[in-house]
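Each chain is listed here by its residues.
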Amino acid sequence: MSDSACFHCGLDASNSNITADDKSFCCHGCKTVYEIFSANDLTCYYDLQQAPGATPNKLVGKYHFLDNTKIVEKLLEFNNDTTQIVTLYIPHVHCSSCIWILENLNKLNPSIGASFVNFGKKTVRVTYNSEIYSLKQLVELLASIGYEPFISLDDYNVGKTHIDRSLIYKLGVAGFAFGNIMFLSFPEYFQVQGFWIETYAPLFRWLMFFFSLPVVFYSGQDYFISAYKGLRAHILNIDVPIALGITVLFIRSSAEIILNLGTGFFDSLTGLIFFLLLGKFFQQKTYKFLSFERDYKSYFPIGITKISSEGKETSIQVYDIKKGDRLLIRNEELIPVDCILIKGKAHIDYSFVTGESKAVSKQSGDKLFAGGKQMHGILEVDVLKTVEQSYLTQLWSNDVFKNNKELEFTNITNSISKRFTVTILLIAFIATTYWLFIDSSKALNVFTAVLIIACPCAIALSAPFTFGNILRILGKKKFYLKNAQVIEQLAKINTIIFDKTGTITNNETDEIHYDGSKLSEAEEILLKSTLRGSNHPLSRSLYHLLDQHNILSLDTYEEHLGKGIEAQYKTQNIKIGSASYVGYSTEPANLNTTVHISADSAYKGKFTFYNKYRTGLSQLFNQLKKEYDLVILSGDNAGEKDNLAKLLPTKTKLLFNQKPEDKLEYIKHHQNEGAQVLMIGDGLNDAGALAQSDVGIAISENVNVFSPACDAILDASKFNQLYNYIKVSKSAIKIIKWSFVLSFIYNIIGLYFAVTGQLAPVVAAILMPLSSISIVAFTTITTNILGKKVD
Amino acid sequence: MSVIYILLAISIIVAIGFFIAFIVAVRHGQFDDSYTPSVRMLFEDEIVKTKTNKTILTKKE
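In order, the protein sequence lines correspond to chains P and F. For the first sequence, this note's numbering begins at 1 and goes up steadily by one. For the second sequence, this note's numbering begins at 1001 and goes up steadily by one.
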């Protein structure tokens, strides 16, 4: 390992000068975690993976709500006198080292009995002795080693949810019966007459019949239900011909056995259901650890501290907050309700709400909105509205979140199956009528044969397999789609709307320009030393910008919240902050974020912070402009307008000062005019717009933690690949169309046998699985080729 | 009575046995997590050391 990278987390540690056991660390947090591990013989952690850790966050009082037994009760999975079991979601879980350390928690504290990681879901299930250990202690232990659990309102009652495993049972039943029926029907494929077959055929056939019963009535029930629902809503969805096919197959096969006419098609019947369920399983098994259905509940804390009129502090549940309550908001805590600031200097980070990362200062008496995060010190607030009535939560009660996009959208399979079903029924009736005149004994045979062979299993399979594979491929490229339908919708869009802050800008870094008289070296050193002590986000960015100087120990240092900082070293004096604070009053109206400097009472100049746009932004917009209408909807002021206009194609519409409802209305308006809208945003303020749009993509720096309700999540590092991803979805639709063509060819061949009345069980047994398997092979190969083309 | 009946009965009983095993496995959550166990089995059993009296708190910055 190189000297400059932190041994624990892998970040740059060249300037920190923090070492232990000849290993360098980027901060004391990482070093402490290392020391905890080495003191407990857990250094094996570092052997499994290089630099697997995360810097632990400082938390004071963040988990006080876990003292409330009512809240803890709701989180626990199991609870008796001495033992408690809890499942915690830990976003940082990412490698085998994580599994190892989390499963060895008992070495850190003997009260912990066992811990079990589920890597796919990023959860750990911990059993501990509740007599001497508490959930709060456990959570704090996890946080202290960099595995801070994410507990939100969403987890409320989650301990009791049961896992839906019905699909895997159905698949198991179908597979089991399919395999057995295949063996039982083998003799009759090859020998039609003879003593042996005549003696034992009825036994084999009845066995097949009994094996097929659970498949039809249990495994296949979803298709019947879906077809029934579709018919009732006057929609001919793909499940209608499938259900029809299954029914006809089953009735004809049973009739053949009961009347001792033949062997039936039980192998095809069970095979069909098995393959269909396999396709469904394939589609369902995407990424369990991502959540697309988030609402405010996933962001909000479960508990909050209430101050009673006598000044007593108690932890209460967020749902129990009433209007007029006095609450205590601690450092780094999220404000759950709209309220008025009473005591303390507020420094609110609204980045969950607006995407804007700069903290806003508020004075006593100002209104604070739910969703803001206090960054500095403790606040006392008076509640104005309950959780359900707060502005942010109101956004979620908008109708947009209630209508289901899936119902409104007729997907490609359903639109084809509509025509398909009609055509098949026509062919079946015409062929039957024809045979009624030619040879009436064959007529019924032909009718059922057409319906059996035409059962669109290949068509039904092609979409789930293609989409399932595309979802997997895009997921590997860090573009996570909620379901297959998103691909179809993505291929159809013609308008793309971007949010600005946090979406096309990079939240973590700013571009900083300095205007004013040059600072002397002594002044720069003083500036740097002063900024070092401040936790304000602007100070942090500025601190990182300045060159490495010798750090002075200051004589005086004073931070005036909401204004700036002042420091003194020997005779030198420096003031950093707002224009009025440093004594520079002639500031023209400026929309950009600025920090002003004065040294020894003389005004020096200002640092202006510009948004830094994501790499490849210009290029991406130039690729997109040929095919799509581009719009930028920003909640911020127009300070960046000129800068943006330079970067983006001239056709791009730029709209500023858009409130969350404005964004939603804008999209609605354009949709009414026929636009298919793709919205790309990040903060909670985009949630309404994301839900309203045809496809809503949330950009996220950390896909595991924060993203509003959306159809897809895109990792921020892959932002510039967006155009390619849209192209992939278009190609996916082409692949499906081609596989439809392929399956139509099979159907035509099959129909020839059926219409001419020669559909023997052997023909069906060969043709049906062959068509299914070749479609699956075709889509898998083509999508993999497609996946290789994108990076 | 032919031996085929016995053979069929045995084969079906065996098949059902496997099927029950499958159901039990699903019910016990065998298919809930398909990744972690594959990693977990690769962790080596460590040599059990006699517990030193060091705790987290003894070593401070």
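Hints listed in this document are in silico derivations from the structure and should not be mistaken for laboratory results. Take the hints with a grain of salt, since some may be wrong.
Said to hold, decoys possible - Taking beta-carbon pairs under 7 Å as the criterion, some of the chain F residues facing chain P (in silico):
(1) Phe1019
(2) Phe1022
(3) Val1024
(4) Phe1031
(5) Asp1033
(6) Pro1037
(7) Phe1043
Yeah, the Cβ is synthetic: ideal placement off N, Cα and C, and Gly gets one too.
Evaluated hints:
1. Look at Phe1019 (chain F): its Cβ gets to within about 5 Å of chain P, closer than 7 Å, so that hint holds up.
2. The criterion of a C-beta within 7 Å of any C-beta in chain P is met by Phe1022 (chain F), whose closest approach is roughly 5 Å, and the hint holds.
3. The closest approach between the C-beta of Val1024 (chain F) and any C-beta of chain P is roughly 11 Å, which is over the 7 Å cut-off, so the hint fails.
4. A hinted interface residue such as Phe1031 (chain F) counts as satisfied when its beta carbon comes closer than 7 Å to some beta carbon of chain P; here the least separation is about 6 Å, so the hint holds.
5. Given hint, Asp1033 (chain F) at the interface with chain P, holds; its Cβ is 4 Å from that chain's nearest Cβ, closer than 7 Å.
6. About 9 Å separates the beta-carbon of Pro1037 (chain F) from the nearest beta-carbon of chain P, more than 7 Å, and the hint is not met.
7. Taking 7 Å as the C-beta contact cut-off toward chain P, the hint placing Phe1043 (chain F) at the interface holds, the least distance being around 6 Å.
When each numbered hint is compared with the structure, violations occur for hints 3 and 6.
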